[in-house]
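Since the structure of chain A is provided, determine the placement of chain B on it from the hints.
Protein chains: 2
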Amino acid sequence: MPTLSVFADVPVAHKLEGSLLKAYRQDNDPSKIFLVYRVCMTDEGLPWVSLVVHKTRLQIAQDPSLVYEYLPGLGSKSFIQASLELLFGKHSPVIMENRAGGVHTVGESGSFRLGAQFLRTWHRGTHTVCIVSYQKESHGLIFQDMGFEVYEYCIWDPKQRRLDSNVLLSVVERAPSGCILVIGNPVDCRLTQSQWAKLMSTMKSKQIFPFLDIPCQGLSTGDLEEDAGVLQYFVSWGFEFFCSQCLSKNFGIYDESVGTLVVVALNNEQLLCVLSQLMSYAQALWLNPPARGSRIITTILCNPTLQEEWKLSLKAVVEKMMLIKEKVKEKLRLLGTPGSWDHITEQTGIHGYLGLSYQQVQYLIKKHVYIPKNSQINFTCINTNNIEYITQSISEAVFSTEHTEN
Amino acid sequence: MPTLSVFADVPVAHKLEGSLLKAYRQDNDPSKIFLVYRVCMTDEGLPWVSLVVHKTRLQIAQDPSLVYEYLPGLGSKSFIQASLELLFGKHSPVIMENRAGGVHTVGESGSFRLGAQFLRTWHRGTHTVCIVSYQKESHGLIFQDMGFEVYEYCIWDPKQRRLDSNVLLSVVERAPSGCILVIGNPVDCRLTQSQWAKLMSTMKSKQIFPFLDIPCQGLSTGDLEEDAGVLQYFVSWGFEFFCSQCLSKNFGIYDESVGTLVVVALNNEQLLCVLSQLMSYAQALWLNPPARGSRIITTILCNPTLQEEWKLSLKAVVEKMMLIKEKVKEKLRLLGTPGSWDHITEQTGIHGYLGLSYQQVQYLIKKHVYIPKNSQINFTCINTNNIEYITQSISEAVFSTEHTEN
Numbered sequence: 001m002p003t004l005s006v007f008a009d010v011p012v013a014h015k016l017e018g019s020l021l022k023a024y025r026q027d028n029d030p031s032k033i034f035l036v037y038r039v040c041m042t043d044e045g046l047p048w049v050s051l052v053v054h055k056t057r058l059q060i061a062q063d064p065s066l067v068y069e070y071l072p073g074l075g076s077k078s079f080i081q082a083s084l085e086l087l088f089g090k091h092s093p094v095i096m097e098n099r100a101g102g103v104h105t106v107g108e109s110g111s112f113r114l115g116a117q118f119l120r121t122w123h124r125g126t127h128t129v130c131i132v133s134y135q136k137e138s139h140g141l142i143f144q145d146m147g148f149e150v151y152e153y154c155i156w157d158p159k160q161r162r163l164d165s166n167v168l169l170s171v172v173e174r175a176p177s178g179c180i181l182v183i184g185n186p187v188d189c190r191l192t193q194s195q196w197a198k199l200m201s202t203m204k205s206k207q208i209f210p211f212l213d214i215p216c217q218g219l220s221t222g223d224l225e226e227d228a229g230v231l232q233y234f235v236s237w238g239f240e241f242f243c244s245q246c247l248s249k250n251f252g253i254y255d256e257s258v259g260t261l262v263v264v265a266l267n268n269e270q271l272l273c274v275l276s277q278l279m280s281y282a283q284a285l286w287l288n289p290p291a292r293g294s295r296i297i298t299t300i301l302c303n304p305t306l307q308e309e310w311k312l313s314l315k316a317v318v319e320k321m322m323l324i325k326e327k328v329k330e331k332l333r334l335l336g337t338p339g340s341w342d343h344i345t346e347q348t349g350i351h352g353y354l355g356l357s358y359q360q361v362q363y364l365i366k367k368h369v370y371i372p373k374n375s376q377i378n379f380t381c382i383n384t385n386n387i388e389y390i391t392q393s394i395s396e397a398v399f400s401t402e403h404t405e406n
Numbered sequence: 001m002p003t004l005s006v007f008a009d010v011p012v013a014h015k016l017e018g019s020l021l022k023a024y025r026q027d028n029d030p031s032k033i034f035l036v037y038r039v040c041m042t043d044e045g046l047p048w049v050s051l052v053v054h055k056t057r058l059q060i061a062q063d064p065s066l067v068y069e070y071l072p073g074l075g076s077k078s079f080i081q082a083s084l085e086l087l088f089g090k091h092s093p094v095i096m097e098n099r100a101g102g103v104h105t106v107g108e109s110g111s112f113r114l115g116a117q118f119l120r121t122w123h124r125g126t127h128t129v130c131i132v133s134y135q136k137e138s139h140g141l142i143f144q145d146m147g148f149e150v151y152e153y154c155i156w157d158p159k160q161r162r163l164d165s166n167v168l169l170s171v172v173e174r175a176p177s178g179c180i181l182v183i184g185n186p187v188d189c190r191l192t193q194s195q196w197a198k199l200m201s202t203m204k205s206k207q208i209f210p211f212l213d214i215p216c217q218g219l220s221t222g223d224l225e226e227d228a229g230v231l232q233y234f235v236s237w238g239f240e241f242f243c244s245q246c247l248s249k250n251f252g253i254y255d256e257s258v259g260t261l262v263v264v265a266l267n268n269e270q271l272l273c274v275l276s277q278l279m280s281y282a283q284a285l286w287l288n289p290p291a292r293g294s295r296i297i298t299t300i301l302c303n304p305t306l307q308e309e310w311k312l313s314l315k316a317v318v319e320k321m322m323l324i325k326e327k328v329k330e331k332l333r334l335l336g337t338p339g340s341w342d343h344i345t346e347q348t349g350i351h352g353y354l355g356l357s358y359q360q361v362q363y364l365i366k367k368h369v370y371i372p373k374n375s376q377i378n379f380t381c382i383n384t385n386n387i388e389y390i391t392q393s394i395s396e397a398v399f400s401t402e403h404t405e406n
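Heads up: the protein sequence lines correspond to chains A and B, in order.
Be aware that the first sequence starts at 1, since it is given in our numbering, and climbs by one per residue.
Be aware that the second sequence starts at 1, since it is given in our numbering, and climbs by one per residue.
A few of these clues could be false.
Because identical chains cannot be distinguished in the list, a pair is counted as satisfied if it fits within a single copy or across any two copies.
Below, simulated SDA-like cross-link-like pairs (lysine to any residue); rule was C-alpha separation at most 20 angstroms, straight line [to be verified]:
1) Lys311 <-> Val49
2) Lys22 <-> Glu69
3) Lys22 <-> Leu272
4) Lys55 <-> Leu66
5) Lys136 <-> Phe34
6) Lys331 <-> Glu388
7) Lys315 <-> Lys325
8) Lys22 <-> Pro72
9) Lys159 <-> Val361
10) Lys32 <-> Lys373
11) Lys204 <-> Leu266
12) Lys22 <-> Ser276
13) Lys136 <-> Leu21
14) Lys136 <-> Ser280
No lab work stands behind these hints: they were computed from the structure.
Bound-form chain A, shown alone:
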């Protein structure tokens, strides 16, 4: 009789991503190009690392005074303080009034995971989560795994090839009272001041709990304050909220990625209660968070010279990326490619939609240019070596379908 196996019925898990990357890796054509990396890439096609990070890493390794003990359950205090100040500014009322705090989280999903677990237990509203974002993220799956009902909305309108800032407003209008609203990288939403005010007012009256995502502060517009500016609306309207602050892409610390689950409460007493609950969840998730990434980031943020160097490096990345977008647009124009390509330069951030149809995407993949179905690419994957081939291929793709579309 064969042994009964506990694992016999376990199927292979559905993969979240990776089939495009797999196809790219199996492609032997020398001209193959992958345009969907998650992080900023350098001209050499490697993940970008802020130079100041390299320097700091070496400095830390040579520091004989460093203590390698366990970090506390909530993580490094100085790291959390520096992260909060980066997000809100030193003189924000939430910091001055001791009602903003955070938990040092692990990896890029840690803060959503921790926040979702807290809300599952303590949020008294409906167990509905509405996610509004510019691009598909894994947050939806995290909330689903925790038993929430999840609705996802994209602010990119593929037909009009433009951002539709009304999506956020209409989602909030239709959302059930007492739900949770996740706004992915709010700087992408580009609401006007009066639109934000309307949003705040509706959210207040419907008691919607905001869970904001700041995935790469400084890499959207090149300006740290501008990228997190939307938080000020939530602060000034007196909201309680969570914010997932990820600090790996904007420092170029990928293998030690850390972040903070930021909590803003109405007063210090409530903040401490919430943090104590979060700590008990974090203990069951990982007990003590890893120190390396947070140590590098804290060193940079707490030293004005290093911080300035870091800011300049962010600005340089964004300027270069904007230049690439301009060049792509200009080359498509010179090739006489039908249609307007202004939407390329109108989008902020590293990732942007090319605005191509399914057929055009398929054409590009046949030309060994790997882009996803929704044609959102990472513009820093385009460099002086491959820009000619890429724009030529896009142009051909558009010409090839000129008479079959619209």
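What follows is chain B alone, placed relative to chain A:
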């Protein structure tokens, strides 16, 4: 009207531990001593770090060829391979037959957290977990949080002041069929070969799923193979099982603690299915694990000279700790302390029970010697500077209660 607060009903979380440490910290007496640190301590009262770790850390920081990209979801492949070989030996059938694998986990609870989540979904038996261990761990809370019914048993018999190896056997006899059995640091159980055989046979017939814990391989007996030797029984009896392998205490990497959730399946096909499911859970927990700790450990394990240095450093720690136990016993004897103190040297590992009563523990705390109610202490906290005071205080405590006890 005051704003309705989402956080208004959130109470302060119950603390898992720390009240004794808090009392110790608030104590201003210069002779105060804390004997319950989680990790090996040096003579200077600092957490022990294997010297080879310091060297490797510096070497890694100066390596210009290192790539700092995201690790894959399952973690560093070479780290997992090296960890598996450390646990089972290179030529173990489970490695040769490609049916042992692992997921790189974060912190000290990561592997139990991940394993519990998998079992919650895929284990078809009862949702009952029996935990047998030498000391109280946080595993019980992790399984409870995941919705399991948890029963915890301790193999230390405080009345007889000795390990009771029958506890494990009788728990398995009484456990419901199809339950999960967690064995904390199995080397502590000290079953004879025939007792293990009996245990295996009962577990097989009752289809009990083993989840083993190897928290500090090499720090129990000073011998790496001996500390993980029990796994060989499970392998040779053809079990499928999980094993939480923690690699922070035995390297002295506390601030970057990592481990592996080890999976042993009946064949490679099932192993890959289980790993793919675990990867999807890990993605929601942290997406990519941090690299630092695993990089140091892999460097040491894959270099025979460094590995040998590391092994010698483990042996030295254990020898020193055994010498301290001998000295404590001898000093208690010389002070004429009533009773036998052989149980101190009979216990392996850093943590051991002094075998004191509640009143005696209270006496010690009044003398500023901080030990927990169950009198289990970390023997590496005792050093040449404090041994006199500690043994004197223990002796006084025993004398003081001589006529009130037994």
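Evaluated hints:
When the C-alpha separation of Lys311 and Val49 is checked against a cutoff of 20 angstroms, the pair qualifies only within one copy, where the shortest distance is 13 angstroms, while the shortest distance between copies is 36 angstroms. For the homomeric pair Lys22 and Glu69, the shortest alpha-carbon distance between copies (17 angstroms) is at most 20 angstroms, but the shortest distance inside one copy (40 angstroms) is not. For the homomeric pair Lys22 and Leu272, the shortest alpha-carbon distance between copies (17 angstroms) is at most 20 angstroms, but the shortest distance inside one copy (46 angstroms) is not. Taking identical chains as interchangeable, the C-alpha atoms of Lys55 and Leu66 lie at most 20 angstroms apart whether they share a chain (17 angstroms) or sit on different chains (14 angstroms).
Taking the shortest alpha-carbon separations for Lys136 and Phe34, only the intra-copy value of 18 angstroms comes in at or below 20 angstroms, while the best inter-copy value is 50 angstroms. In the homo-oligomer, the alpha carbons of Lys331 and Glu388 lie at most 20 angstroms apart inside one protomer (8 angstroms), although the nearest pairing across protomers, at 82 angstroms, exceeds that limit. For the identical chains of this complex, Lys315 and Lys325 are intra-copy neighbours only, at 15 angstroms inside a copy versus 60 angstroms across copies, given an alpha-carbon limit of 20 angstroms. Taking the shortest alpha-carbon separations for Lys22 and Pro72, only the inter-copy value of 13 angstroms comes in at or below 20 angstroms, while the best intra-copy value is 40 angstroms.
When the C-alpha separation of Lys159 and Val361 is checked against a cutoff of 20 angstroms, the pair qualifies only within one copy, where the shortest distance is 15 angstroms, while the shortest distance between copies is 74 angstroms. In the homo-oligomer, the alpha carbons of Lys32 and Lys373 lie at most 20 angstroms apart inside one protomer (17 angstroms), although the nearest pairing across protomers, at 66 angstroms, exceeds that limit. In the homo-oligomer, the alpha carbons of Lys204 and Leu266 lie at most 20 angstroms apart inside one protomer (14 angstroms), although the nearest pairing across protomers, at 55 angstroms, exceeds that limit. Taking the shortest Cα distances, Lys22 and Ser276 sit within 20 angstroms of each other only across copies (16 angstroms), while inside one copy they are farther apart (42 angstroms).
Taking identical chains as interchangeable, the C-alpha atoms of Lys136 and Leu21 lie at most 20 angstroms apart only when both belong to the same chain, with a minimum of 17 angstroms there against 45 angstroms between chains. When the C-alpha separation of Lys136 and Ser280 is checked against a cutoff of 20 angstroms, the pair qualifies only between copies, where the shortest distance is 17 angstroms, while the shortest distance within a copy is 30 angstroms.
Violation of the numbered hints given earlier is absent; every hint is satisfied by the structure.
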